[in-house]
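If you're matching them up, the sequences are chains A, B and C in order. Each residue of the first sequence is one higher than the one before, starting from 1 at the first, in this note's numbering. Each residue of the second sequence is one higher than the one before, starting from 400 at the first, in this note's numbering. Each residue of the third sequence is one higher than the one before, starting from 744 at the first, in this note's numbering.
I should point out that these hints are in silico values taken from the structure, not numbers from a laboratory. In this text the structure is predicted, and so the values were computed from the model without any measurement. Check before you lean on any hint, since a few could be wrong.
Mimicking SDA-like on lysine to any residue, the simulated pairs with C-alpha atoms at most 20 Å apart in a straight line are [stated by the list, open to error]:
| id | chain 1 | residue 1 | chain 2 | residue 2 |
| --- | --- | --- | --- | --- |
| 1 | B | 480 | C | 1100 |
| 2 | C | 836 | C | 865 |
| 3 | A | 254 | B | 572 |
| 4 | B | 583 | C | 837 |
| 5 | C | 1053 | C | 1100 |
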Amino acid sequence: MTHIDGSDQRGAKPRQTLSTLLYSKSFRTAVTQVVMAAVVIFIGLFLYQNVVENLRAQNIATGFGFLEQTSQFDIGEKMITYSARDSYGRAFVVGLLNTLSVSAAGIFLATLIGFTVGISRISSNWLLSKVATGYVEIVRNIPVILQVIFWSVLLRNLPNARNAVEVYGVGFLTNRGLTFAVPATHPIHSTMGIALVAGIVLAILGSIWARRHRESTGTYVNMLWPSIGLVIGLPVLAWLFGGAPTAISYPVQKGFNFQGGVTISPEFTALLIGIALYASGFIAEIVRAGLQATPKGQIEAARSMGFRPWFVTRYVVLPQALRVIVPPLTSQYVSLIKNSSIAVVVGYPDLVNIGNTVMNQTGQAVEAIAVMMLVYLTISLITSTFMNFYNRLVAIKER
Amino acid sequence: MNKDFKLKTALCAIGLATLGSAGFADSGDTLASVKERGEVLCGVHPARHGFAAPNSKGHWDGFEVDYCHAIAAAVFGDADKVRFVALSSQQRFPAIQSGEVDVLVRNVTATLGRDTALGLNFAPPIFYTGTGFLVHADSGVKTVEDLDGATICVAPGSTTERNVAQIFATRGMDYTPVVIENNKQLVDAYVTGRCDALTKDKAALPGVRAYDTENPAEHVLLPGIFSKEPLAAAVRQGDDQWYDLVKWVTYATFNAEELGVTSENAGDMKSSDNVDIQSLLGVTGDYGSKLGVSEDWAYNVITQVGNYAEIYARHFGPGSPVELDRDLNTLWVDGGLLYGFPIK
Amino acid sequence: MTTQSQHAPKMATPLEPVMQFDPNAKVPFAKWVQKHLFTSLWQSLMTLVVAALLLRFAWFVLKWGVIDAVFYTPDPDVCRAAAGACWAVIVEKHRPMLFGLYPYDEHWRLVIMMVVYLSTIVASLMPKLWNFKILIPLWILSVTSIGILMFGGVLGLVYVPTSEWGGLPLTMILFSGTVLIGMPVAVVLALGRRSPMPVARGVSVVFIEALRGVPLITILFVAVNVFPLFLPAGVEVNKLLRITVGIAIFFACYQAEVIRGGLQAIPTGQYEAAASLNMSYWQTTRKIILPQALRISLPAITNHIIAAMKNTSFVIIIGLFDILTATTAVMQDPLWRRYYIEAYLFVAAVYLFFGYALSLYARQVEKWINSGRI
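Excised from the complex, chain A in its bound form:
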């Protein structure tokens, strides 16, 4: 589309005067670009100059050296060891891991709810589809921040630890969070983790083999049950080999809090419910659009060839639906990760919340905000790279 600008046709005669030069399209394009680049560079330099000038004039500390200084503050929830004697840099890592964990849980929950609601939306059952539509309209149109605040205030107003509500004898629900019994720590748990990963890898390899086999010989091998068997069976085997430990750590009220068991904090829960429900509304719409993308005729054709409904869904509807679903779904995931940054309003120590504290303690707003932005940019870039890769993988291959 390089011939949009047709105005240079007027200077048709090839005389090399100054005016021809001025009216020549390529010359003008070049000049405009140079000016544009100059303006951008000028604005950039101008802003940079001002920052340097202002920071120096006011004696404000600069640079990223602060990342190695002792933070002197504590963090409530952490996945790696951290204390007030650790550095600001480590505090950022704690925040990043918290962001990732709430995002991962959020993506799981949002996908689960989103697919359920999305499928219900196109259900032939009128009542069910209307209920699903109502759900989508409500969760999508209330600001996510309002939803998160609502859940956090709601959870905060649960009974306190002394009046804990017991949940089915395995846990307690209080305004300190949900505490529940878990198997007591045992060395075999790490082996079980490895076994789980191995099971997943083997299952994937198995399905690849099955596809190759199908494509070369035409015989269909159902890998569903062997896969499930591998993923569940290997950890169970590992558990049996480890002596099948059944000790369970029950939460017991002691002092201010529960001892034993695992506690999910109300801040985490409020943020998780808020961002996951909000995203689930959008995911439901994406899923609905994707499932409706397969023409009815194809499904009918597959049925008429005698394939079972499950087979039709797996090999006719799903591949086409996923092609439509995955790109917008990934961008929903990215926006869920970005939405997790509202943790700061409910007090969950995510990246932005920690960054906020660091910004206050050091006064180095520019650097602290730069760290936050860079981390999110990296996450977004990785996701879009993945998406491009996937798009290329599933793009319709013309033969």
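Fit chains B and C to the known structure of chain A by using the hints.
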């Protein structure tokens, strides 16, 4: 001329004009820009009862608010020529650094780190306090040692956040912090029992108890003060004239109390024989013009706002909702820490 | 059932089969019910379960929200005694919730401002008035009067600085500011990204992708905490303006991608036709390309405009007193604190109302476009 080139030039011009029209002022000379503007921009706490909070009619009221009024009285002779900018703990330092406010009187603890790395200057402290803990009375907690394993609500970016880490570490105790930026959400988390204790400057806690709890009797302040928190007004570094003014307004309130000059008797005191009183009230000397304001600057501060004792009594005295002992905040002659440098 | 039909079978038993087909209002409904709710055993079971849950929920809402609720009382103790909702909290606190920190005696100005604002918006949405000769004076008039009402300082009105603005009017100002500033920026960015000039393309791509890759919060942090440092010493830009521009630019980056989608959908023939008429780049863009591109991407554009309305609520993080911040502040009152559900439901209802109105309108516009009316 090329059409799109012209358009782009026009766009650039508009952009620059918008930036420029926002108004230029010389940042090095805060006093001049304050006078030109006709009001002092004072950064205050959004809701700390006793120190700064809007009352039911939306007017700002509090101990720190009165110091903002005092600065306005010194500059303009009119204590009302001040505009209050409520700042969260996160916004306070960027606001003073960027010139959004002229002075920060917002429960800021003077520390070396802030003085240097944040590019601030601290006026003499107007309130000495320390970290305190508010706990639920029915929890049976009597001292800070009983808080081992507790969940503690604390504001981010505060000196308190660091103090609480140190207090527990030195006692070999454990705790879980719940850190919420929004002060209201933070207090709400404590009141609903999400936290066992709320920690803030001790002087701020009676205000929380009086205003934010349904039944103040259900909450107790733990005895003892656990850190040094000298609260002081802060100005930008590099503007000595403005710094001097804020500093001497503070001293003037101390000296007025020491010399027995009150808002009521200041007029009569002008005819006093005491040279110290005479120079304080601008009867002799040219101290006002040396500070860049009128000679009766301190007189205006005292008549319109009051001396330290009067300001204190108004917000923390007997009968006020947030009653606080003067404790360290008494004059040096009474064994306290308030020591006004002589106006000579 | 009427008395007649109750007696009918007794009087004429042989007519019974006819009666089944006779009431023609009922048979289609029954058929419809059967087709949509009870096609199979599995479907029927699901319908019954969903209906049971729905009824249970509806009963709970009715009992809590209406039957046991307290609608008006200045005394929170009355609410404490009641088992249901306490809507009185909204009646009692509606002013601080809707108007935030704005001086109490001046709230009437905000009421007039909202009337002016809403009527201007409603007027501008009517295709009958889509004429620059009407719209431009209308907007100049209403923006000026809104400015006078909000700021004051003239005509004997008390001056109110932007730091004291709050509540629903602030949400409205943030929202329309975002759209008014953001849309032109979005168009420029979209054209830049589709520009034949590599420099323009590069700048637009980097700008769009960088801002879309970070959360809105960090942009607000920049607008509030960092941006002043980027300006020469002494230059100040009003904080509300900085925040509005921040949200607007964030909005523009998403909108630019939508508009780019519209631009990509324009067939090359359109460009070639314009070129053959010797139209310049700007003429082509303004007269041929943009109108079509905007029309194509309109549904997505309105989605992002609705999202922009929801995004204004992010200002709670930087302490601006929009309707949500004001409500959380009001909920601090120890006497009314326990009725937070009612208060937040009210705010949610406000957002749902405006969001729903906007999407209904968007659907209408789509119909107009499809029928060729605009």
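Going down the list of hints, with the structure as the test:
Distance hint between residue 480(B) and residue 1100(C) is unfulfilled; the C-alpha atoms sit about 44 Å from each other, more than 20 Å. Under the criterion of a C-alpha separation no larger than 20 Å, the hint pairing residue 836(C) with residue 865(C) is inconsistent with the structure, at around 28 Å. Restraint check for residue 254(A) and residue 572(B): the C-alpha separation of about 15 Å stays at or below 20 Å, so the hint holds. For the suggested pair residue 583(B) and residue 837(C), the alpha carbons sit about 19 Å apart, so the restraint of at most 20 Å is met.
Of the supplied pair hints, the one linking residue 1053(C) and residue 1100(C) holds, its CA atoms being roughly 14 Å apart against a limit of 20 Å.
Figure legend: structure checked against the earlier numbered hints; hints not met, in rising order: 1 and 2.
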